[in-house]
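Novice: Read off the chains here:
2 protein chains.
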Amino acid sequence: MSTEAVNPNYGCLYGIGVGPGDPELVTIKAQRVLASVPIICAPHADTSRDSYALSIARRFIDTERQELLRFGFPTDDAEAASRVWETAAESLAERLMERQDVAFITEGDPMLFSTFSYVLESIRTNHPDIAVEIIPGVSSVMAAAARASLPLVTHGQRLAILPAVYGIDDLREAIANYDTIVLMKVNRVLLDALANLESLGLAGKGIYVRRATTESEQVVQDLHQLTEEDLDYFSLLIIKR
Amino acid sequence: MSTEAVNPNYGCLYGIGVGPGDPELVTIKAQRVLASVPIICAPHADTSRDSYALSIARRFIDTERQELLRFGFPTDDAEAASRVWETAAESLAERLMERQDVAFITEGDPMLFSTFSYVLESIRTNHPDIAVEIIPGVSSVMAAAARASLPLVTHGQRLAILPAVYGIDDLREAIANYDTIVLMKVNRVLLDALANLESLGLAGKGIYVRRATTESEQVVQDLHQLTEEDLDYFSLLIIKR
Numbered sequence: 000m001s002t003e004a005v006n007p008n009y010g011c012l013y014g015i016g017v018g019p020g021d022p023e024l025v026t027i028k029a030q031r032v033l034a035s036v037p038i039i040c041a042p043h044a045d046t047s048r049d050s051y052a053l054s055i056a057r058r059f060i061d062t063e064r065q066e067l068l069r070f071g072f073p074t075d076d077a078e079a080a081s082r083v084w085e086t087a088a089e090s091l092a093e094r095l096m097e098r099q100d101v102a103f104i105t106e107g108d109p110m111l112f113s114t115f116s117y118v119l120e121s122i123r124t125n126h127p128d129i130a131v132e133i134i135p136g137v138s139s140v141m142a143a144a145a146r147a148s149l150p151l152v153t154h155g156q157r158l159a160i161l162p163a164v165y166g167i168d169d170l171r172e173a174i175a176n177y178d179t180i181v182l183m184k185v186n187r188v189l190l191d192a193l194a195n196l197e198s199l200g201l202a203g204k205g206i207y208v209r210r211a212t213t214e215s216e217q218v219v220q221d222l223h224q225l226t227e228e229d230l231d232y233f234s235l236l237i238i239k240r
Numbered sequence: 000m001s002t003e004a005v006n007p008n009y010g011c012l013y014g015i016g017v018g019p020g021d022p023e024l025v026t027i028k029a030q031r032v033l034a035s036v037p038i039i040c041a042p043h044a045d046t047s048r049d050s051y052a053l054s055i056a057r058r059f060i061d062t063e064r065q066e067l068l069r070f071g072f073p074t075d076d077a078e079a080a081s082r083v084w085e086t087a088a089e090s091l092a093e094r095l096m097e098r099q100d101v102a103f104i105t106e107g108d109p110m111l112f113s114t115f116s117y118v119l120e121s122i123r124t125n126h127p128d129i130a131v132e133i134i135p136g137v138s139s140v141m142a143a144a145a146r147a148s149l150p151l152v153t154h155g156q157r158l159a160i161l162p163a164v165y166g167i168d169d170l171r172e173a174i175a176n177y178d179t180i181v182l183m184k185v186n187r188v189l190l191d192a193l194a195n196l197e198s199l200g201l202a203g204k205g206i207y208v209r210r211a212t213t214e215s216e217q218v219v220q221d222l223h224q225l226t227e228e229d230l231d232y233f234s235l236l237i238i239k240r
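Just so you know, the sequences run in chain order W and Z. Using numbering that gives the first Met the number 0, you'd call the opening residue of the first sequence number 0 and step up by one each time. Using numbering that gives the first Met the number 0, you'd call the opening residue of the second sequence number 0 and step up by one each time.
By construction, these hints were calculated from the structure, which means they are not laboratory data. Any given hint could be a false lead.
Just so you know, same-sequence chains aren't split out, so a pair can sit in one copy or run between any two.
[Unchecked claim] Simulated crosslink set (EDC-like; lysine to aspartate or glutamate; CA at most 20 Å straight-line): (1) K184 with D231; (2) K204 with E120; (3) K239 with E120.
Computed from a predicted structure; not experimentally measured.
The whole structure should be built from the sequences, with the hints applied where relevant.
Specialist: If you want it as structure tokens, here you go:
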């Protein structure tokens with residue numbers, strides 16, 4: 000956290016986690032900073048016109064007074080996404096070097112599977128003299144556990160959080176060594192995951208949670224009830240041995 | 000999340016995560032509920048007179064108007080702690096059955112290594128007709144990553160969160176299969192962890208974070224600089240391969 004090299008004439012880049020979905024799960028600090036910065040940058044997936052983070056933060060922003068920058072990014076190609084974010088970071092850097100503070104909003108937390116990490120890396124590498132402050136948020140992992148009323152881990156237990164890209168061998172390893180496994184963004188591979196759970200003797204041990212704490216929330220304990228329509232980018236599966 | 004059996008004449012038990020330390024990292028919802036309930040229950044370790052959760056939440060509570068219940072619990076004996084919490088849960092249940100809402104506060108998030116899980120289990124088992132609402136909070140894991148400016152995981156990566164109880168074999172397994180490992184509450188075993196990191200070829204890959212986002216925060220990159228005095232129950236180690 001060295002700030003020695005920061006240029007005091009530049010604005011500050013805020014990486015703000017706006018939580019899992021319910022606008023009331025935004026922190027007091029995020030609310031304060033969102034209301035005070037002149038520029039807010041909201042990412043959205045290329046496949047959608049909506050930014051999930053923006054839908055959460057909108058009530059804290061006044062677009063009459065504050066400028067909104069939007070960037071679309073590819074969700075299925077990490078390298079292409081990285082290039083998009085490098086370009087986005089440069090346009091944010093221009094504003095920051097004009098003394099303007101910029102808030103980059105992200106659903107959940109900025110340090111856990113967030114596009115903010117690309118922007119952060121680019122700014123750190125190319126503009127190390129720009130101040131950055133990261134405001135952590137409530138992760139969808141904790142929100143899903145809360146809504147499922149299922150403690151993730153207690154004293155002495157182990158938790159593994161895996162991305163959507165995994166196979167049965169990964170799951171077998173995780174189940175052998177961890178008490179609880181969270182599979183993130185299970186939309187495309189849910190059916191594989193279900194078949195894998197059964198063949199690993201874990202049928203009935205998974206809970207699917209989609210858009211936790213929002214109006215379209217679903218908490219599904221009997222995974223066979225899930226249909227194609229229930230699947231969602233903002234979903235996860237909690238597996239407890 | 001069945002609420003069919005809930006008795007509407009009983010109060011609601013709120014499990015509230017008050018975040019990692021900075022009172023500004025409390026959510027808007029937690030703030031609202033904390034201000035509205037008649038009874039607040041704060042846990043604290045037997046080894047200390049202070050409740051960390053209460054130190055965070057104090058500014059949102061009015062003890063002239065609200066009753067504060069405090070429970071001490073043993074930190075080094077899970078079974079003894081479980082018995083303490085069963086007793087605590089019963090005294091909370093008495094209040095809840097008198098139509099009084101109770102907020103049980105916990106630092107970080109209530110579903111991740113929190114004493115709230117014991118109370119939750121006890122209430123669910125012995126009083127399934129008492130309504131429970133869990134309000135997720137910002138975890139110290141995310142707060143530590145934010146303060147260290149270190150993304151935990153990005154697209155396609157894996158995260159393991161391990162408790163204080165682990166050895167070199169556990170660490171070897173985790174490092175083989177995960178991109179990032181978080182060791183929680185490393186106070187007692189930090190020196191072992193350091194030696195293990197070196198023998199696993201991970202010297203210089205760990206960052207120690209203590210009481211993230213508080214006035215006594217420490218972010219230490221050169222772990223050899225740590226002294227006995229720096230160690231703390233509210234600390235963790237982030238290891239990135």
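Novice: Please go over all the hints and tell whether each is borne out by the structure.
Specialist: Results for each hint:
With identical chains, the CA atoms of K184 and D231 are at most 20 Å apart within one copy only, with a shortest distance of 7 Å there and 35 Å across copies. Only between protomers do K204 and E120 lie at most 20 Å apart by alpha-carbon distance; the minimum there is 18 Å, versus 38 Å within a single protomer. Proximity of K239 to E120 under the C-alpha cut-off of 20 Å is restricted to the inter-copy arrangement: shortest distance 15 Å between copies versus 34 Å within a copy.
The earlier numbered hints are all upheld by this structure, with none contradicted.
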